[in-house]
Amino acid sequence: GEKVEQHQSTLSVREGDSAVINCTYTDTASSYFPWYKQEAGKSLHFVIDIRSNVDRKQSQRLTVLLDKKAKRFSLHITATQPEDSAIYFCAASNYGNEKITFGAGTKLTIKP
Amino acid sequence: EAAVTQSPRNKVTVTGGNVTLSCRQTNSHNYMYWYRQDTGHGLRLIHYSYGAGNLQIGDVPDGYKATRTTQEDFFLLLELASPSQTSLYFCASSDLGGYAEQFFGPGTRLTVL
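Sequence order for the protein chains is A and B.
If you read the first sequence in the numbering used here, its first letter stands for residue 1, the second for the next number, and so on.
If you read the second sequence in the numbering used here, its first letter stands for residue 1, the second for the next number, and so on.
The following block holds chain A by itself, in its conformation from the complex (with noise of 0.2 Å):
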């Protein structure tokens, strides 16, 4: 089955930089890249995804980019705010697939 690796497990940056956490997964046949944010003590909710028919995605602060060649999606974040402290999970799934496959978190810390 899938296999989605988060290949940082901590990210530490000043507070304006950006971030950047990267992904990458098993499946050829995956189509569909989310990304949640669990804040300290919370739940997880969405923040952006992407599909494979693009390989770009932009949400205000938040840009994904995915290169299916290397199997490979990342998460970028400009002018970070202390809010974005947060755990981040990437995740990986296709068109008609029951479930979904998640990374296993990258701790963003935001210093001030």
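These are computed hints drawn from the structure, not numbers from a lab.
This structure is a prediction, so every number in the text was calculated from the model and none was measured.
One thing to keep in mind: the hints can contain errors.
Said to hold, decoys possible - No farther apart than 27 Å at their CA atoms in a straight line, the calculated lysine-lysine pairs in the DSS-like style are these:
| # | chain 1 | residue 1 | chain 2 | residue 2 |
| --- | --- | --- | --- | --- |
| 1 | A | Lys71 | A | Lys99 |
| 2 | A | Lys3 | A | Lys69 |
| 3 | A | Lys111 | A | Lys68 |
| 4 | A | Lys99 | A | Lys57 |
| 5 | A | Lys107 | A | Lys68 |
| 6 | A | Lys69 | A | Lys99 |
| 7 | A | Lys99 | B | Lys65 |
| 8 | A | Lys3 | A | Lys111 |
| 9 | B | Lys11 | A | Lys42 |
| 10 | A | Lys71 | A | Lys107 |
| 11 | A | Lys42 | B | Lys65 |
| 12 | B | Lys65 | A | Lys3 |
Here the structure of chain A is known, so what remains is to put chain B in place on it, guided by the hints.
For chain B alone, coordinates are given in the frame of chain A:
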């Protein structure tokens, strides 16, 4: 916006105990999921369902049963709880399975002594 609620929010039991975790969603989503979250493992799927009376096995089902009694309600049962089942449990719902946003409940922290 989808609403997913879970109860209890915290539960402590002893080894061998019987535990039921409850989840209710009010957005008429077809799919419901039970995950456990453990440090270093991310979210792992225990069981899921695509409608009342349906049950599908996830990736880490051992020691867990589940039942979907209605469109809204999905239960996770631990009949002989073990310390290895100490974890944070999340329920989620989705209208298109794995190809759309999942809406998560607030979580249940379970401790098995």
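27 Å Cα cutoff - pair A/Lys3, A/Lys69: This hinted pair holds, its Cα atoms lying about 16 Å apart.
query: Does the alpha-carbon distance linking A/Lys99 and B/Lys65 stay inside the 27 Å limit?
result: 18 Å, holds
field: 27 Å limit on alpha-carbon distance, applied to hinted pair B/Lys11 and A/Lys42
entry: Given pair B/Lys11, A/Lys42 holds - Cα atoms ~17 Å apart, limit 27 Å.
- request: Measure nothing beyond the straight line between the CA atoms of A/Lys3 and A/Lys111; if it is 27 Å or shorter, mark the hint as holding.
  value: Outside the cut-off at roughly 31 Å; violated.
message: Next pair to validate is A/Lys111 with A/Lys68; report whether the Cα-Cα distance is within 27 Å.
response: Outside the cut-off at roughly 33 Å; violated.
- prompt: For the pair supplied as a hint, A/Lys71 and A/Lys107, is the alpha-carbon distance within the 27 Å limit?
  reply: Answer holds: A/Lys71 to A/Lys107 is near 22 Å, not above 27 Å.
message: Check the hint pairing A/Lys71 with A/Lys99 against an upper bound of 27 Å on the C-alpha distance.
response: 19 Å, holds
message: Just to be careful, I want the Cα atoms of A/Lys107 and A/Lys68 compared with a cutoff of 27 Å; is the pair within it?
response: 25 Å, holds
- prompt: Is A/Lys69 within 27 Å of A/Lys99, Cα to Cα?
  reply: 23 Å, holds
task: Decide if the proposed pair is consistent with the structure: A/Lys42 and B/Lys65, CA atoms, cutoff 27 Å inclusive.
output: Holds, because 25 Å separates the two Cα atoms, which is no more than 27 Å.
- request: Please work out if A/Lys99 and A/Lys57 have their alpha carbons no farther apart than 27 Å.
  value: 23 Å, holds
Hinted pair B/Lys65 and A/Lys3, Cα distance within 27 Å: The given pair, whose Cα atoms are some 24 Å apart, holds under the 27 Å limit.
Going down the numbered hints, you'll see the structure goes against 3 and 8, while the others check out.
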